[in-house]
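Novice: Sequence:
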Amino acid sequence: MVNKGDIIKELIGQYAFKVDNSKLIESLPKFVYSRNCKYFDILNSEPAFNIFNLLGIKYRFYNNECYIISGFKNINNTVKVIDINGMNSSKGLANRSDKYKIKIKDNKGYIKTINLKYPNIITKSRKNEYQIINDNELYIHLYDFENLDLISVTNFDNKKIWLDLRNNQGGRVHNLIKILELFYNHGDVLLYLQKQDSFFKITSKLKICYKPLHIYLLVNKETASAAEMLAMKLSEFDNVTIIGAQTEGKWVLNSVKRINNYYIRFPEYEFISKSGSHLKLGCGIEPDYHISDKVINKMIIDKFYLKL
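Heads up: the sequence shown begins at -12 in this note's numbering, then just goes up one per residue.
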């Protein structure tokens, strides 16, 4: 059992919102990951940049096993991944290869093999992003905010930028700040955060400010937290267009804390507007143009010759 008393003492002052003990106790079950530290390590070491994420294949890990939910034309139900290139799922996904042989078992017990070829990507980072340059246009797919290997060294001046934030659930707030600093002048306000009665104003410390010709932000219903905050802030510029579907509306930043061998995820900061008003949870950003992921993928393929 979770020692709720210890957890309450640790978390009560760290929550983004003011909560009493009873409400915090009620909310704990959905925030507790696992007492098994090894399982938690596997869960969080799942590679952010892998062939499944790259091709838009939806999957999940359960009891250290990988299950494909959707993404293949001939797969209508969840299937279990037996191995990838002869390795277990975690190793197979993390291992970079030009070709992938994926052995699966469907819900009827039939074993099948799926063959995948790694797409031809012009530039990629080790982890979670890749980019394609086509004349004065730049496409960057950013899966989360954990690593910014490419964005941090990219010159955005006088280019049309396609920043793909679809399925990006956010991540480290300091990486969100690093991205915003690239487009705001030194001293400009980037973010307002609140933690209970404390308010924080984050300003740009970077003296370099890029001026792209235009920024196209690609979003969907899985775009959340820091990713949708990035979209909201960049939309302040006249040369920014948001394309896709309404975002998730998760205007909080979560932290993970270990207490008595349990890992607890809890909301630590809340995004707020310039006026100090709270952004409504569950009410995301409406795009300028509503376009499905399927149509966006085709557009990217046609424009950048990328096989998704």
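A couple of the hints might just be wrong.
[To be verified] FRET-style restraints, in silico, Cβ to Cβ:
#: 1; residue 1: D289; residue 2: Y97; range: 41 to 47 Å
#: 2; residue 1: H173; residue 2: N64; range: 51 to 57 Å
#: 3; residue 1: D184; residue 2: Y97; range: 55 to 61 Å
#: 4; residue 1: K285; residue 2: N51; range: 32 to 38 Å
#: 5; residue 1: D175; residue 2: E52; range: 21 to 27 Å
#: 6; residue 1: N72; residue 2: N50; range: 19 to 25 Å
#: 7; residue 1: I56; residue 2: K194; range: 31 to 37 Å
[What the hints assert, rightly or not] When the alpha-carbon atoms are kept at most 35 Å apart in a straight line, the in silico DSBU-like pairs for lysine-lysine are as follows:
#: 8; residue 1: K182; residue 2: K165
#: 9; residue 1: K104; residue 2: K267
#: 10; residue 1: K198; residue 2: K267
#: 11; residue 1: K285; residue 2: K45
#: 12; residue 1: K92; residue 2: K67
#: 13; residue 1: K194; residue 2: K208
#: 14; residue 1: K146; residue 2: K67
#: 15; residue 1: K78; residue 2: K90
#: 16; residue 1: K146; residue 2: K188
#: 17; residue 1: K5; residue 2: K147
#: 18; residue 1: K90; residue 2: K208
#: 19; residue 1: K194; residue 2: K104
#: 20; residue 1: K188; residue 2: K165
#: 21; residue 1: K267; residue 2: K78
#: 22; residue 1: K5; residue 2: K188
#: 23; residue 1: K45; residue 2: K99
#: 24; residue 1: K67; residue 2: K147
#: 25; residue 1: K285; residue 2: K88
#: 26; residue 1: K147; residue 2: K90
#: 27; residue 1: K220; residue 2: K198
#: 28; residue 1: K244; residue 2: K165
#: 29; residue 1: K267; residue 2: K5
#: 30; residue 1: K285; residue 2: K67
#: 31; residue 1: K267; residue 2: K192
#: 32; residue 1: K208; residue 2: K290
#: 33; residue 1: K244; residue 2: K147
#: 34; residue 1: K95; residue 2: K285
#: 35; residue 1: K198; residue 2: K182
#: 36; residue 1: K198; residue 2: K146
#: 37; residue 1: K192; residue 2: K5
#: 38; residue 1: K220; residue 2: K285
#: 39; residue 1: K188; residue 2: K104
#: 40; residue 1: K244; residue 2: K285
Keep in mind the hints are simulated off the structure, nothing from the lab. Here a beta-carbon is modelled for each residue, glycine too, at the ideal position from N, C-alpha and C.
Novice: Taking the hints in turn, state whether each one holds.
Specialist: Right, here's what the structure says about each hint:
1. D289 x Y97: 41 to 47 Å: For D289 and Y97 the Cβ distance comes to about 36 Å; the hint is violated.
2. H173 x N64: 51 to 57 Å: holds (53 Å)
3. D184 x Y97: 55 to 61 Å: holds (59 Å)
4. K285 x N51: 32 to 38 Å: holds (36 Å)
5. D175 x E52: 21 to 27 Å: Given range 21 to 27 Å: violated, Cβ gap about 47 Å.
6. N72 x N50: 19 to 25 Å: holds (22 Å)
7. I56 x K194: 31 to 37 Å: violated (45 Å)
8. K182 x K165: holds (21 Å)
9. K104 x K267: violated (42 Å)
10. K198 x K267: holds (31 Å)
11. K285 x K45: holds (18 Å)
12. K92 x K67: Measuring from Cα to Cα gives roughly 5 Å; hence the hint holds.
13. K194 x K208: holds (34 Å)
14. K146 x K67: violated (43 Å)
15. K78 x K90: With a Cα-Cα distance of about 14 Å, the restraint between K78 and K90 holds, given a limit of 35 Å.
16. K146 x K188: Roughly 30 Å between the alpha carbons, so the hint for K146 and K188 holds.
17. K5 x K147: Cα-Cα ~43 Å, so violated.
18. K90 x K208: holds (30 Å)
19. K194 x K104: Between K194 and K104 the Cα gap is close to 42 Å, so the pair fails against 35 Å, i.e. violated.
20. K188 x K165: holds (15 Å)
21. K267 x K78: violated (40 Å)
22. K5 x K188: Holds, because 20 Å separates the two Cα atoms, which is no more than 35 Å.
23. K45 x K99: Given that 35 Å is the threshold and the Cα spacing comes to 18 Å, the pair holds.
24. K67 x K147: This hinted pair is violated, its Cα atoms lying about 41 Å apart.
25. K285 x K88: holds (25 Å)
26. K147 x K90: Given that 35 Å is the threshold and the Cα spacing comes to 40 Å, the pair is violated.
27. K220 x K198: Holds - the C-alpha atoms of K198 and K220 are around 15 Å apart, at most 35 Å.
28. K244 x K165: With Cα atoms ~24 Å apart, K244 and K165 stay inside 35 Å; holds.
29. K267 x K5: Between K267 and K5 the Cα gap is close to 16 Å, so the pair holds against 35 Å.
30. K285 x K67: holds (28 Å)
31. K267 x K192: Within the cut-off at roughly 29 Å; holds.
32. K208 x K290: Since the Cα atoms of K208 and K290 sit roughly 23 Å apart, the hinted pair holds (cutoff 35 Å).
33. K244 x K147: violated (40 Å)
34. K95 x K285: holds (33 Å)
35. K198 x K182: holds (33 Å)
36. K198 x K146: holds (8 Å)
37. K192 x K5: Cα-Cα ~31 Å, so holds.
38. K220 x K285: Holds: K220 and K285 sit about 27 Å apart, inside 35 Å.
39. K188 x K104: violated (46 Å)
40. K244 x K285: Not OK: K244 and K285 at ~41 Å, beyond 35 Å, violated.
Hints 1, 5, 7, 9, 14, 17, 19, 21, 24, 26, 33, 39 and 40 from the earlier list are contradicted by this structure; the remaining hints agree with it.
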